[in-house]
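First to last, the protein sequences are chains A and B.
Each residue of the first sequence is one higher than the one before, starting from 374 at the first, in the working numbering.
Each residue of the second sequence is one higher than the one before, starting from -15 at the first, in the working numbering.
I should point out that these hints are in silico values taken from the structure, not numbers from a laboratory.
Where is the CB? At the ideal position from N, CA and C, for every residue including glycine.
What follows is a set of in silico ranges between Cβ atoms, one per label pair, in the way DEER data are often shown: (1) ILE360(B) <-> GLU516(A): 46 to 52 Å; (2) TYR545(A) <-> PRO237(B): 46 to 52 Å; (3) GLU537(A) <-> ARG51(B): 35 to 41 Å; (4) GLU516(A) <-> GLY244(B): 56 to 62 Å; (5) SER447(A) <-> GLY97(B): 47 to 53 Å.
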Amino acid sequence: MAMVLVPEQKVILCGEYGVGKSSIFRRFTNNTFVTATDRKSTLGLDNFDKIYRIGDKDIKLQLWDTGGMERVASITSSYYKFSEAAILVFSLDNPSSFHTLSQHLLDIVTYAETAKIFLCGNKTDLVTDPPQISDAEIESFCEQCQSLITNTYRISCRTNEGIEEMFTDIAYQLVNSNRARLELQSMEKHGFKITQSNEELTEEGCLC
Amino acid sequence: MDEEYDAIVLGTGLKECIISGMLSVSGKKVLHVDRNKYYGGESASICPLEELFSKFGAPAPDESYGRGRDWNVDLIPKFLMANGSLVKLLIHTGVTRYLEFKSVEGSYVYKGGKIAKVPVDQKEALASDLMGMFEKRRFRNFLIYVQDFQQEDPKTWKDFDPNTQNMTALYEKFGLDKNTQDFTGHALALYRDDDYLNRPALETINRIKLYSDSLAKYGKSPYLYPMYGLGELPQGFARLSAIYGGTYMLDKPIDEIVLGEGGKVVGVRSGNEIAKCKQVYCDPTYVPDRVRKKGKVVRCICLLDHPIPNTKDALSTQIIIPQKQVGRNSDIYVSLVSYTHQVAAKGWFIGMVSTTVETDNPENEIKPGLDLLGAIRQKFVSVSDYYEPTDDGLESQIFISQTYDATSHFESTCMDVLDIFKRGTGEAFDISKIKRDLEDEEQ
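Please work from the sequences and hints to get the whole structure.
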């Protein structure tokens, strides 16, 4: 049975509580936006897959949200494991969410060493004149991080500005950087996922 | 913290995390607190290696140990039975998607100072050097009986009543000698002592079936081990709880469990803050006045730069030393994991020897296990008490888990969790409920 496997890439959202990670997640999953913090709308929703076509290649981005663990506690280290990309989110109208980025960056490089990191300023709709966080500050942050940050985006979950473009670009960056690796991917280095076996599924099917 | 919850869970060990996840999934409002800065309590995997050395007061590891961050060392060694309860819980809750596993390569049993592969099917039984020629045939007949045995179909019981007759009687029926009984009871049915001999045979038959069904799942051995160590398990269930609305707080000391009328819990106090709740679920360390000491476990973490001798260079192994082989009342367990599981730097292995303490020289008790490991580069011995609750929680609404025991797998862990859940909620955990939710999500 020949089957073309679409490579699945785990992409995680990181950043302070309240910068709009779940809003990005909601835009990604069903392209909606809610103003108030309404945790119920993502309750039970764990991660979401979407396929992007880059040139002649398909790539599946699997986006993960934190589940709000960072509100009071820290995120578990296992959240970062097996991720290929991390979107480091801050809020353009909230300088403190920008100034704590380095801590989140450290977590990413510690627990997901090989993940590509993308910087994302959310809430462009709330930027004042002059901006709360200047372009120069953002540039200098990226310089300090040397080559750790692959690309930077400015988006608004409220207006939907720049979101699709961001994910398409992330997919593009992953396809390009991983081209060689994806083709060589072997089971040897990896473990396997446990799933319900086909046999059990048929047994259950018979009960209906 | 000053809010009202249906349940407050104290401690983020595996049992508490599973309970927290199950409660959140059932729609309860849960606050989950740990006094430590990290998730997992005793079920955490220690990273980096420097932290393990300092935890045991040893000087920092030298360069030969590679990068400290490449190590994730479990404090409590256990494997998952591929067809066991924890795997079922992982599948039904969807927590399996956070984890990757590897099959444990070898399963051995100790006999007369040497180790031999545990024989599980007819072919292996006949090839095994654990038994003489005639005994092999008897053992093979016994295995066939167990394989064909169906609890629902008395015809497969073959004139033996597994509900009333004990295991000794079943061994006698097949004429198995003491030696064969020993590895069957301890390396296949995974009993820690010999009490099972006098209990109805059904229990043991089911345990042997669990072993062989687990083996059939992924080959090599019936055991699985998660990449990055066992500490990934509590974290996975914690995420499940958070995804379903559970609130997490770490580094939060608990000063008092506040009781109301009739000794029933009404909240939990940390400093000046009180979180109100209807129920508390916790490990024994949070309620020293509601638990009693049941015994002691000795565990020795051994860092090796080679596999265990005579295991065909397996990168992961379990060896069971049945009690009688070394004149004890409880078995000694040896387990090995390695760099292939991302728990050690390249070329390194982590051996673990553990048993229930019987004398006042626990370190000497595990010597037969240590002797199997070959040269040990570094070892850390710990002796810890294990506790069981004296309060069943029905009045106080405080539900306490038992400390992790010396067993080599998670079956007793899951039984404790399901029992606590049932006492706490008055109903058995409905796994079909989550499954439906997960299917909805996929649509």
